[in-house]
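**Student:** Listed below are the residues making up each chain.
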Amino acid sequence: MDATGTPEADLRFTITIADTGETYACGPGQSLLDAMVALGRKGIPSGCHGGGCGVCKIKVANGTYETLTMSREHISAEEEAQGIVLACRTFPRSAIRLSVLGKMRKAVTQRRYGLV
Amino acid sequence: MGVMRIGHINLRVLDMAAALDHYQGVLGLIKTHEDDAGNVYLKGWDEWDKYSVMLTPSDRAGMNHIAYKVEADADLDVLKGRIQDYGVAVDDVPAGTLTACGRAIRFNMPSGHEMFLYAEKEFVGKSVGTTNPEPWPDGLKGIGAHWLDHALLMCELNPEAGINKVAETTDFLMKTMDFHLAEQVMVGPDGDIQAATWLFRTSTPHDIALVGGPKMGLHHCAFFLDEWNDVLKAADVMAKNKVKMDVTPQRHGITRGYTIYFFDPSGNRNETFAGLGYLAQPDMPPITWTEDNLWRGIFYHTGEEAGAFTSVYT
Ligand code: FES
Ligand SMILES: [Fe+2]
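Same order as they appear, the protein sequences are chains A and B.
Residue 1091 in the working numbering sits at position 29 of the first sequence, with consecutive numbering throughout.
Residue 200 in the working numbering sits at position 197 of the second sequence, with consecutive numbering throughout.
Next comes chain B alone, as it looks inside the complex:
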């Protein structure tokens, strides 16, 4: 019962045509719907629900909301109660308000980010079907990403002013929705300030990550690839298409994932993320990275800040 996985992310884009060239042509997502307001909905070939990415035309970049799918309709009532008891206001959202979804609940996490939980979304199916499927479909464009894997949200962190939205939001996700802590970064003179966390509900090391920064925002959303060779190929596709890469193929110490950071045409950071990392389970002891090893945690090979990890986000 409870939260199963990330359901979708709603990104704001400055130029829909350029965004579609990127999300369809480069990432290889498949457009499944466009609504009257001009929002475009896409899914990965290996996803079965109608969409995992919703693009909204806007005059600014960033994320409008993030949504997670729960297992059963009744979970929405249980989770609503737990979130309200925690002290966070929850709105009931009628079916259809989230396009192609059943009823939902809506709230702002302590970090300020808007989150929805829903139990039902229209079924479309994987591109390879469910009967004697091929391992991958023909006709994929670009990278051919499998699915939306996770998002990393920037949360306000200002220890001198007593503000730590990373720690607050981590506590909220763990206590209300039973997210489990896979890894954390602890900083400060006494190593007691939780500056970043990686949390899971599935059996992979993270379904959401929180990192401290000057203000709240979206750091990146990540799309899944099978393995390291796919990461290299993805980088080639990006270079061919002159996609602005922030960090070329590399390994994260944290989660052990193989990564590329790059930007969509509106400046929202994307990631292609490959590998299981490791089997994450509720009884796994959380991993801690200390401040002196922070950058080895984030970029394992170089051990230093690459690209513009903490200063550039939307």
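Pulled out of the complex, with its shape left as it was, chain A reads as follows:
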């Protein structure tokens, strides 16, 4: 976000996906999902990148962050209070350790009828 060459522009936090041990760097102006995808990493399911579809649901085990509006269809107020967020709407303010909750529907269901 900050392309002015101020020290903030160089700030990068280490993000750890606990499920796989994968780590990657994410700046404060990048969402956790955008940064992962930009680096070609995998682990968090990638969908709409707009907080609407819910596939990128994660739980932050430790670390601080800020979020943009997330669809209440997928993140309840109680969940939000417990650190359950959408990775595409979450911006790190420290190093973060997270686990993946969202799953692509196709990965968990056997398709018997072409589309479902």
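Heads up, a few of these hints could be off.
Stated by the list, open to error - Under the rule of at most 25 angstroms between Cα atoms (straight-line distance), these lysine-lysine pairs were calculated in the DSS-like manner:
id, chain 1, residue 1, chain 2, residue 2
1, A, LYS1165, B, LYS218
2, A, LYS1104, A, LYS1121
3, B, LYS34, B, LYS144
4, B, LYS144, B, LYS245
5, B, LYS236, B, LYS144
6, A, LYS1104, B, LYS245
Unchecked claim - Per label pair, the in silico range of CB-to-CB distance:
id, chain 1, residue 1, chain 2, residue 2, range
7, B, ALA40, A, GLU1084, 38 to 46 angstroms
8, B, ASP39, A, GLU1140, 57 to 65 angstroms
9, B, LYS144, A, ARG1074, 45 to 53 angstroms
10, A, ASN1124, B, ASP94, 46 to 54 angstroms
11, A, ARG1103, B, ASP80, 53 to 61 angstroms
12, B, TYR89, A, ASN1124, 54 to 62 angstroms
13, A, ASN1124, B, GLY90, 49 to 57 angstroms
Rather than coming from a laboratory, the hints here were simulated on the basis of the structure.
Values in this document were obtained by computation on a predicted structure and should not be read as measured data.
Positions of the beta carbon are idealized from the N, C-alpha and C atoms, including for glycine.
Using the hints provided, position chain B with the ligands relative to the given structure of chain A.
**Tutor:** Using the frame of chain A, we list chain B with the ligands on its own:
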């Protein structure tokens, strides 16, 4: 008589400012109205009615309702009767309830999606006018989409539980509103489960599409572009603006359209769709895609699922 075309779609957005940057700045729609509740109304430059997109601020993404325009006011009474006879409850909606529209009827399709039919909407006019018009107006932003073309709705499909809202809703649209079937996907061991349909009232292959999924929702709404070069240019505009693209320019086997799938800032999927496809007529024999060719039907070049077609929607 009867349904003419898609009239508008009411989308829920999580952040109105970001949504307007997208629908105005990237898609190139034109804002025509904002109401006291914070809803914003937009149209394409080539549309003449007041709006085809209504954005509603909300805490969740997705579609509130879809509306189709009928030719004459009296059609509303005829269609109300036919829909009630089919067994679906219909509400009368007074003029002005749908912003800038005359009286309307409201019902939920068998899939659960809310639909309105109306005969009148306030006239604004195309950006190029009606007297000796230029082929396109100056000052368009971004992609400069012509009009809202169609929507694809996800309908619950669970054959093992005996649920097929695609087939039910298709039957409903055909029997009550004289939609015609252009194309269908048939799946299952005996190829007898209707898993997706493309239906029309205009002379293009689809004004609405229905696809089976785990639960009802909005798959996408599509905006019209003239041709393939416009699709490439649209993709460039999206890349410049860092719009999340789901599927880069490609051809659909089904409808033959040229497509891009991408997301608005709230995660609602949009499409830019170019080309006529083919001339659709009521007496045209419907086209059937079999399960083993399903993905060639959807993404003709790669023949496999691209992006997150069936697992990501709002
Ligand atoms: S990718 Fe859709 S909500 Fe995050
Ligand atoms: Fe489409």
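**Student:** Determine for every hint whether it applies to the structure shown.
**Tutor:** Here is how each hint holds up against the structure:
1. A:LYS1165 - B:LYS218: holds (15 angstroms)
2. A:LYS1104 - A:LYS1121: With a Cα-Cα distance of about 16 angstroms, the restraint between A:LYS1104 and A:LYS1121 holds, given a limit of 25 angstroms.
3. B:LYS34 - B:LYS144: It holds: about 12 angstroms lies between the C-alpha atoms, which stays within 25 angstroms.
4. B:LYS144 - B:LYS245: Status holds; Cα separation ~16 angstroms.
5. B:LYS236 - B:LYS144: holds (12 angstroms)
6. A:LYS1104 - B:LYS245: Since the Cα atoms of A:LYS1104 and B:LYS245 sit roughly 20 angstroms apart, the hinted pair holds (cutoff 25 angstroms).
7. B:ALA40 - A:GLU1084: 38 to 46 angstroms: Check passed, 44 angstroms falls within 38 to 46 angstroms.
8. B:ASP39 - A:GLU1140: 57 to 65 angstroms: About 32 angstroms separates the Cβ atoms of B:ASP39 and A:GLU1140, which means 57 to 65 angstroms is violated.
9. B:LYS144 - A:ARG1074: 45 to 53 angstroms: violated (34 angstroms)
10. A:ASN1124 - B:ASP94: 46 to 54 angstroms: holds (51 angstroms)
11. A:ARG1103 - B:ASP80: 53 to 61 angstroms: Because 59 angstroms falls inside the window, the suggested range holds.
12. B:TYR89 - A:ASN1124: 54 to 62 angstroms: holds (56 angstroms)
13. A:ASN1124 - B:GLY90: 49 to 57 angstroms: holds (55 angstroms)
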